[in-house]
Structures are given as C-alpha cells and as structure tokens.
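Novice: Sequence:
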Amino acid sequence: MQHVIVTMSRGDAPRLAEWVNYHQNLGFDEFYVVLDNPVDNSADILSALPGDIVVDERPPYDVYWSGEEYVDQPRRWDLMKAWRAERSAGLERWNLPIGDPQTLRQTLYLAGVLNLYAVRGDCWVTVLDVDEFLVVPSGGSIRDLTGVATAPRLRFKNYNVDTREWQIGTPLLASCVNRWHQDDIDAYGKGWQHRVKSLVRHDALLPFVSVHAVSRGPYAVVDPGVGRLHHYRVPDQAIPELPYRVVDTAAANITRRSTESTR
Numbered sequence: 001m002q003h004v005i006v007t008m009s010r011g012d013a014p015r016l017a018e019w020v021n022y023h024q025n026l027g028f029d030e031f032y033v034v035l036d037n038p039v040d041n042s043a044d045i046l047s048a049l050p051g052d053i054v055v056d057e058r059p060p061y062d063v064y065w066s067g068e069e070y071v072d073q074p075r076r077w078d079l080m081k082a083w084r085a086e087r088s089a090g091l092e093r094w095n096l097p098i099g100d101p102q103t104l105r106q107t108l109y110l111a112g113v114l115n116l117y118a119v120r121g122d123c124w125v126t127v128l129d130v131d132e133f134l135v136v137p138s139g140g141s142i143r144d145l146t147g148v149a150t151a152p153r154l155r156f157k158n159y160n161v162d163t164r165e166w167q168i169g170t171p172l173l174a175s176c177v178n179r180w181h182q183d184d185i186d187a188y189g190k191g192w193q194h195r196v197k198s199l200v201r202h203d204a205l206l207p208f209v210s211v212h213a214v215s216r217g218p219y220a221v222v223d224p225g226v227g228r229l230h231h232y233r234v235p236d237q238a239i240p241e242l243p244y245r246v247v248d249t250a251a252a253n254i255t256r257r258s259t260e261s262t263r
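The sequence shown begins at 1 in UniProt numbering and counts up by one.
By construction, these hints were calculated from the structure, which means they are not laboratory data.
Computed from a prediction, not measured in an experiment: that's the story for all the values here.
Keep in mind that a hint or two might mislead.
Between beta-carbon pairs, the in silico distance windows are [what the hints assert, rightly or not]: (1) 236 / 60: 24 to 30 Å; (2) 143 / 183: 39 to 45 Å; (3) 226 / 44: 32 to 38 Å; (4) 225 / 75: 37 to 43 Å; (5) 233 / 39: 17 to 23 Å; (6) 218 / 39: 36 to 42 Å; (7) 239 / 41: 31 to 37 Å.
Glycine included, every Cβ here is placed at the ideal spot set by N, Cα and C.
The whole structure should be built from the sequences, with the hints applied where relevant.
Specialist: Written as structure tokens, this is what we have:
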C-alpha cells in the first residue's frame with residue numbers, strides 16, 4: 001500500500017523541504033499539499049522537490065489572523081469567540097470541532113481530498129501540519145507499523161518540542177531535541193493527554209471529522225516507544241506545567257542516518 005500525507009499549509013516555505021524529505025525517508029510515498037491563500041514561494045519549493053507531491057493552491061476564504069493577534073493568546077481567544085458567535089448557526093449545523101477560520105477551511109478542503117484517496121484505495125493516509133513529524137524511534141519505516149496493524153486507524157500521541165532556540169534557515173530537527181514527558185502530560189490533562197494524529201486506511205477515511213481523529217471508528221493507540229508525533233510549534237507554545245525535560249534525538253537521527261547513507 002501507498003502511504004500518503006495530506007496537509008493544509010500557509011507561510012511554511014522555510015520548513016517545507018526538511019518536512020517532506022524527512023517523511024520520505026520515513027517511507028511516505030505521496031504528499032497532497034493544499035496551499036491556503038499562499039503568501040510565499042511554497043509552490044516553487046514543492047515543485048522543485050523530488051517525489052510525488054500534489055500542489056493544490058486555494059484562493060482566500062473567510063478571515064486570516066496573523067502577527068500579534070495570532071501570537072497573543074488572550075487576543076486570539078477573543079477573536080475566536082467573536083468569530084464563533086457570528087457563525088453559531090452554521091457551525092451548529094456542521095456539528096464538527098470547528099473553532100476558528102483555519103479549522104473551517106481544513107474541513108471544507110481536506111474532506112474532499114480524503115475522498116479522493118478513499119475512492120482510489122490501496123493506501124494509508126495521515127493529515128499532518130508542516131510543524132508535525134511522525135517518529136519511528138527504531139529507525140524503521142512507517143510500513144513497519146501499518147504492516148502489522150490490526151485496526152484501520154493508528155493514533156499517535158503528541159509531544160510538543162522546544163523550538164525557542166531554532167532559527168529560520170537552520171535544520172529544525174537537529175536544533176530542537178527537548179520534548180514533553182508523558183507523566184507531565186497526564187498530570188496536566190486539559191485534553192493534552194488525548195491529543196493525537198491518526199494514520200488511517202483508505203476504507204476508513206470517511207466521513208472526515210477532524211485533522212486529529214480524521215474519522216470515527218475502531219482505532220489502536222500506538223505505543224510511543226514504537227511511534228509518536230513530535231510537534232514543533234513556532235512560536236513555541238510554552239506551558240509552565242509541561243517542561244521540555246526529555247532529550248529525544250530520534251527524529252534527528254532519522255535524518256542523520258539518511259544523510260550518511262547517501263554519501
């Protein structure tokens with residue numbers, strides 16, 4: 001079976017090449033990138049990369065938040081509450097976890113993309129952001145997990161990684177190796193202990209419900225020692241109760257081994 005990553009991206013040009021190359025080394029065969037009202041040269045970067053990459057540019061839709069209004073959490077919450085209040089009737093009809101303009105566009109765009117793969121068949125599909133990296137600590141392939149899967153949905157637990165020292169233009173994975181610890185996540189709660197991303201077989205992709213679960217139905221939670229999700233948020237999402245106390249070089253090692261094998 002093919003292994004596919006679907007994403008919706010905007011303003012991610014500095015990180016695209018590392019993200020695509022990393023996941024190709026992990027065993028993913030195809031990428032479907034929805035460029036949401038692009039503001040940079042992401043399309044050119046993706047077109048220059050090797051491999052099977054579909055670039056789907058979309059025009060502006062609804063509102064876009066950036067700068068201080070996006071970074072400042074209280075301000076962002078105020079914007080989100082006002083946005084939801086203005087659209088409450090429509091959001092109620094959707095009955096999906098749509099909380100802001102971005103998740104609305106994800107629902108509108110990605111549901112159709114996933115339908116393409118559901119019809120095509122013979123594939124496993126995940127919906128990732130460009131700041132998210134699936135990690136197989138053993139150094140193996142994503143096929144090592146899907147090849148023995150007994151459920152049509154594999155869920156990967158989320159671990160945020162400290163990105164405060166990262167500088168644009170430098171390798172992200174080699175620069176950022178400190179992440180959350182599972183004990184701290186469980187103690188903190190507030191939904192973080194349930195945060196996952198899913199890899200879903202083609203016959204279980206629909207109906208789309210969110211970028212996290214993808215769809216409803218039977219699933220297996222992957223042991224984090226076998227596979228997990230590293231989330232490299234920029235700017236960093238600092239939560240005092242969740243220190244970055246685990247030194248984890250698994251993602252960086254995957255890139256390093258791939259580089260060494262091509263020399």
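Novice: Against each hint, give a clear statement of whether it holds in the structure.
Specialist: Each hint, compared with the structure:
no. : hint                  : in the structure
1   : 236 / 60: 24 to 30 Å  : 28 Å, holds
2   : 143 / 183: 39 to 45 Å : 31 Å, violated
3   : 226 / 44: 32 to 38 Å  : 37 Å, holds
4   : 225 / 75: 37 to 43 Å  : 39 Å, holds
5   : 233 / 39: 17 to 23 Å  : 19 Å, holds
6   : 218 / 39: 36 to 42 Å  : 40 Å, holds
7   : 239 / 41: 31 to 37 Å  : 33 Å, holds
Going down the numbered hints, you'll see the structure goes against just number 2.
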